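Q: Okay, here's what each chain looks like letter by letter:
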Amino acid sequence: MDNMTLIAVASIATAGFATSVGCIAPALGEGRAVATALTALAQQPDASATITRTLFVGLAMIESTAIYCFVVSMILIFANPFWKHVIAGAAEAVAK
Amino acid sequence: MRLSPDQLIFWQHGFITLNATIVFTWGLMLVLAVGAKLITRKLTTEHKRSRWQNLLEIVVTGIANQIGEVGLKNPKKYLSFLGTLFLFVAAAALATVIPGYEPPTASLSTTVALALCVFAAVPLFGIGERGIGGYLKSYVEPTFIMLPFNLISEVSRTLALAVRLFGNMMSGATIIAILLTITPFVFPIVMTLLGLLTGMVQAYIFSILAAVYIAAATRKHKPSAKAEPVPAA
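As given, the protein sequences belong to chains A and B, one line each in that order. If you use the working numbering, the first sequence corresponds to residues 3 to 98, in order. If you use the working numbering, the second sequence corresponds to residues 10 to 242, in order.
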């Protein structure tokens, strides 16, 4: 496999892998967080405003790890510097 | 495929470019500032007031209550900064209903700028509340070894603020763009609704996290309670 193919295969495979693996753990964490919040709500409905607000803040913090993986995948697919470098080299070779 | 509104350039002269991010940010600033000015021209405390004044009162007192619940003692002091953060990010998300509009927060430049504002505001408010010595001392709490970790956490949570907002807004815009090429009729509308919801949640999260960071920086620590001497019987 020459350089170009290798870089393309690695980028595509890593992009898919990053998002798929990186969404497993945050989903599990958010499920646990919501379950515990529902238990707390059932026990103390008066504190529902505080519990709901804290739940949302916690969910956003957990979600951000999934967002990091998503951003890495997007960079690999759309703004990949190695691919740009290789494409620029191939264009030069064709132009000569 | 365009990843961010930075790449849609309206006008360019030398190294000055007017891209979609800047133009839409200016539009939002115009709408928010002019709208606020028009509504607050005739403020009244009478029983009969205009519905726009009512709306603004609901918004302002709601934000002040939230800031107070986070633990900041004097919400009015931080209301302008935190309220502006919330209103700007929320307006940027809500304006997605206008066709042809892309939220400027879908560009990393805008979100990093907002996160840097929070990064600068936290020490400013902390020093204003506790003085320079008191604020700097908070970095070596609870022990001196925590100093590098506290510094790193300052930088990383600012970065997390920026990337969280950017990722959420960019993913919403990207999914709508992709769906428009696949199933152009009903499904993109559903995804736009989801994008509106996540945009409002992210606006709330951004301002609440900024409030939490400021509260952590301005919290005055009570002196540790010493055991009362037992009166000699």
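Hints are supplied without guarantee of correctness; some may be wrong.
[Unchecked claim] 25 Å max Cα-Cα, derived DMTMM-like pairs, lysine to aspartate or glutamate: (1) B/Lys-82 - B/Glu-163; (2) B/Lys-85 - B/Glu-55; (3) A/Lys-86 - B/Asp-15; (4) B/Lys-82 - A/Asp-48.
[Stated by the list, open to error] Here are some of the chain B residues that sit facing chain A, going by a computed Cβ distance under 8 Å: (5) Pro-151; (6) Thr-152; (7) Ala-169; (8) Arg-173; (9) Asn-177; (10) Val-210; (11) Ile-214; (12) Leu-218.
Source of the hints: derived by calculation from the structure; they are not laboratory data. Computed from a predicted structure; not experimentally measured. All C-beta atoms, glycine included, are put in the ideal place defined by N, C-alpha and C.
Q: Confirm or reject each hint.
A: Quick rundown of the hints versus the structure:
no.: 1; hint: B/Lys-82 - B/Glu-163; result: holds (22 Å)
no.: 2; hint: B/Lys-85 - B/Glu-55; result: holds (23 Å)
no.: 3; hint: A/Lys-86 - B/Asp-15; result: holds (19 Å)
no.: 4; hint: B/Lys-82 - A/Asp-48; result: holds (23 Å)
no.: 5; hint: Pro-151; result: violated (22 Å)
no.: 6; hint: Thr-152; result: violated (25 Å)
no.: 7; hint: Ala-169; result: holds (6 Å)
no.: 8; hint: Arg-173; result: holds (4 Å)
no.: 9; hint: Asn-177; result: holds (7 Å)
no.: 10; hint: Val-210; result: holds (7 Å)
no.: 11; hint: Ile-214; result: holds (4 Å)
no.: 12; hint: Leu-218; result: holds (7 Å)
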